[in-house]
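Make a model of the complete structure from these sequences and hints.
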Amino acid sequence: NAGVTQTPKFQVLKTGQSMTLQCAQDMNHEYMSWYRQDPGMGLRLIHYSVGAGITDQGEVPNGYNVSRSTTEDFPLRLLSAAPSQTSVYFCASRYSGSYGYTFGSGTRLTVV
Amino acid sequence: SQQGEEDPQALSIQEGENATMNCSYKTSINNLQWYRQNSGRGLVHLILIRSNEREKHSGRLRVTLDTSKKSSSLLITASRAADTASYFCATDAIKGAAGNKLTFGGGTRVLVKP
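Sequence order for the protein chains is A and B.
Using this note's numbering, read the first sequence as starting at 1 and increasing by one per residue.
Using this note's numbering, read the second sequence as starting at 1 and increasing by one per residue.
Hints are computed from structural coordinates only; laboratory data are not their basis.
A virtual CB, placed ideally from N, CA and C, is assigned to each residue, including glycine.
Do not take every clue at face value.
Stated by the list, open to error - Selected chain A positions facing chain B (in silico; Cβ < 10 Å):
#: 1; residue: VAL4
#: 2; residue: MET27
#: 3; residue: TYR31
#: 4; residue: GLN37
#: 5; residue: LEU43
#: 6; residue: VAL50
#: 7; residue: ASN62
#: 8; residue: TYR64
#: 9; residue: PHE103
#: 10; residue: GLY104
#: 11; residue: LEU109
#: 12; residue: THR110
What the hints assert, rightly or not - One-sided and incomplete, this derived list gives chain B residues near chain A with beta-carbon spacing under 7 Å:
#: 13; residue: ASN31
#: 14; residue: ARG41
#: 15; residue: GLY42
#: 16; residue: LEU43
#: 17; residue: HIS45
#: 18; residue: ASN100
#: 19; residue: PHE104
#: 20; residue: GLY105
#: 21; residue: GLY106
#: 22; residue: LEU111
#: 23; residue: PRO114
Unchecked claim - The list that follows gives simulated cross-link-like pairs (lysine to any residue, SDA-like), each with its CA atoms no further than 25 Å apart:
#: 24; chain 1: B; residue 1: LYS70; chain 2: A; residue 2: ASN28
#: 25; chain 1: B; residue 1: LYS101; chain 2: A; residue 2: ASN28
#: 26; chain 1: B; residue 1: LYS70; chain 2: B; residue 2: LYS113
Written as structure tokens, this is what we have:
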């Protein structure tokens with residue numbers, strides 16, 4: 001039982017580059033979310049999904065796209081990386097019958 | 001914006017002592033959750049308290065909720081070195097999308113010295 005798997009664990013991008021952060025869960029959870037964590041700021045919600053084909057914006061969606069074609073996968077796309085997107089990104093999922101989230105181990109992204 | 005604000009920002013205690021941290025929030029909530037984050041790791045869900053509950057226990061954890069004051073506290077009793085971590089409160093405040101828009105506080109860093 002792998003839980004929530006995020007890849008890559010570390011990434012360095014140049015300003016303007018694009019990339020996709022991968023998130024996969026094997027628990028058949030309906031709900032999935034992406035957060036970013038910055039020092040002293042806690043976690044902020046970027047995008048979330050309540051099921052395959054359904055996504056919505058969170059608190060800080062600008063510069064990011066998501067899609068949910070399957071229950072298992074919820075990739076986060078950075079369209080044109082900016083230094084302000086330097087952060088640690090966490091994917092999380094939960095079962096519809098429970099409010100507690102299971103988190104992945106994170107992707108540390110640096111944009112130079 | 002942060003719904004939850006935690007106090008203190010950092011806490012240092014000896015092994016065996018109790019650790020208490022507080023969380024204040026701004027709007028009405030459906031539930032409040034506490035998570036733990038070890039250094040360099042993801043968050044782990046500890047406990048959830050619903051808006052109609054006042055106190056909840058789980059092992060060495062005790063959570064209280066005062067909706068009139070919009071505040072919650074997390075007590076860790078008989079702390080261990082393994083409790084060293086950051087602790088975050090998270091509030092679920094959107095009724096229409098309950099549980100999908102958790103808002104996290106900035107966290108309390110707890111150091112338990114052996």
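**Request:** Tell me, in ascending order, the numbers of any earlier hints that this structure violates.
**Result:** 2, 7, 8, 11, 12, 22, 23, 24, 26
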